[in-house]
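Enquirer: Model the placement of chain B on the given structure of chain A, informed by the hints.
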Amino acid sequence: MYNVTFNEFAQKFADEVKIDVEAALGKSLKDISSYDSMAKINVSLLIEELFEFQIEYEVLNSADDLQALYELCLKG
Amino acid sequence: MPENEILIASMRLIDFDDIQLLRYWRNLDHVRNRMIIKNLIHRDEQRKWFDSITNESTRYFIFSLGMNDIGCANLKEIDFYEKTFEGGIFCGDAQYLNHWINIWACLQIYDHAFFKLKLATSYATILIDNKVAVNLNEALGYEFVGYADGDKGRFTLTRSRYIESTEKIRRYLHDFAKQPA
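Here the protein sequences come in this chain order: A and B.
Under the numbering used here, think of the first position of the first sequence as 133, with each following residue one higher.
Under the numbering used here, think of the first position of the second sequence as 2, with each following residue one higher.
Just to be clear, a hint being listed does not mean it is correct.
Unchecked claim - Below, computed lysine to aspartate or glutamate pairings styled on DMTMM-like, alpha-carbon distance capped at 25 Å:
no., chain 1, residue 1, chain 2, residue 2
1, B, K117, B, E168
2, B, K169, A, E181
3, B, K132, A, D196
4, A, K144, B, E144
5, B, K132, A, E154
6, A, K150, B, E165
7, B, K169, B, E144
8, A, K162, B, E144
9, A, K150, B, E139
10, A, K150, A, D163
What the hints contain is simulated information worked out from the structure, not anything from laboratory work.
So that you can see chain A by itself, here it is in the shape it has in the complex (with noise of 0.2 Å):
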């Protein structure tokens, strides 16, 4: 089990995309117009860093929001 907790992980992400935490929480990850291209590389980084697996671009997409990648994390 890793030691991330789901508000450091909500924290770190939304410093990748360069949004407020608040903003993330409770939304859709599609509805996040930071979350292109560029920060979905770098939230897969930061995944990678975090829970020690690189997650793959369809599962990263496949979470509609930022409490589901967390659980997706957690699974590895």
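Expert: For chain B alone, kept in the frame of chain A given last:
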């Protein structure tokens, strides 16, 4: 698409058969509205434009994923004496907006400019409110050098900054952007 199919990312120099596809993409709202020059391009203008870019100072490429043409990446204003150029990219197929293929294509053209053509510095002028382009340029290593005409920013990128800034991205993309042998 069949499950587990590996799509190959590729890039080709444009030829005359591609110009109407380029015009179609360039006139789509999601492309045109992010351009500094936003006018619609007509069929006869595109032919004239194609004639004007078949020279030593430009390189226009179409990038694809599998059999799908996705967008256009280009090098312009190539100056072999000063070793400078301008790079540009747009995603024509809106289904692939925010897809890694766009970043892969970017790296391909900058690699082409810096390593194959041995150029040293890139310049870019982009609309400041085009956050996607500003973020992309920052990730590539561009540095802001000043404003132009109020609503545009001028940026510059050296080869060393590019190499340093894209190291992680390059490693990440290398793992899954399969290229033709």
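Enquirer: Straight-line Cα separation of K132(B) and D196(A) no greater than 25 Å?
Expert: holds, 23 Å
Enquirer: Does the alpha-carbon distance linking K150(A) and D163(A) stay inside the 25 Å limit?
Expert: Holds, because 14 Å separates the two Cα atoms, which is no more than 25 Å.
Enquirer: Tell me if the straight-line CA distance from K169(B) to E144(B) falls inside 25 Å.
Expert: holds, 19 Å
Enquirer: Assess, step by step, whether the Cα of K150(A) is no farther than 25 Å from the Cα of E139(B), and give holds or violated.
Expert: Holds - the C-alpha atoms of E139(B) and K150(A) are around 12 Å apart, at most 25 Å.
Enquirer: With a cut-off of 25 Å on the C-alpha distance, tell me whether K150(A) and E165(B) pass.
Expert: holds, 21 Å
Enquirer: Compare the distance between the alpha carbons of K162(A) and E144(B) with 25 Å, and conclude whether the hinted pair is satisfied.
Expert: Given that 25 Å is the threshold and the Cα spacing comes to 29 Å, the pair is violated.
Enquirer: Given the hint that K117(B) pairs with E168(B), does the C-alpha gap stay at or below 25 Å?
Expert: holds, 18 Å
Enquirer: Run the distance test for K144(A) versus E144(B): straight-line Cα separation, threshold 25 Å.
Expert: holds, 24 Å
Enquirer: Given the hinted pair K169(B) and E181(A), is their Cα-Cα distance within 25 Å?
Expert: Satisfied, since the Cα-Cα distance of roughly 11 Å is no more than 25 Å.
Enquirer: Taking 25 Å as the top limit, are the C-alpha atoms of K132(B) and E154(A) close enough?
Expert: Holds: K132(B) and E154(A) sit about 20 Å apart, inside 25 Å.
The structure fails to meet hint 8 from the earlier list, while all remaining hints are met.
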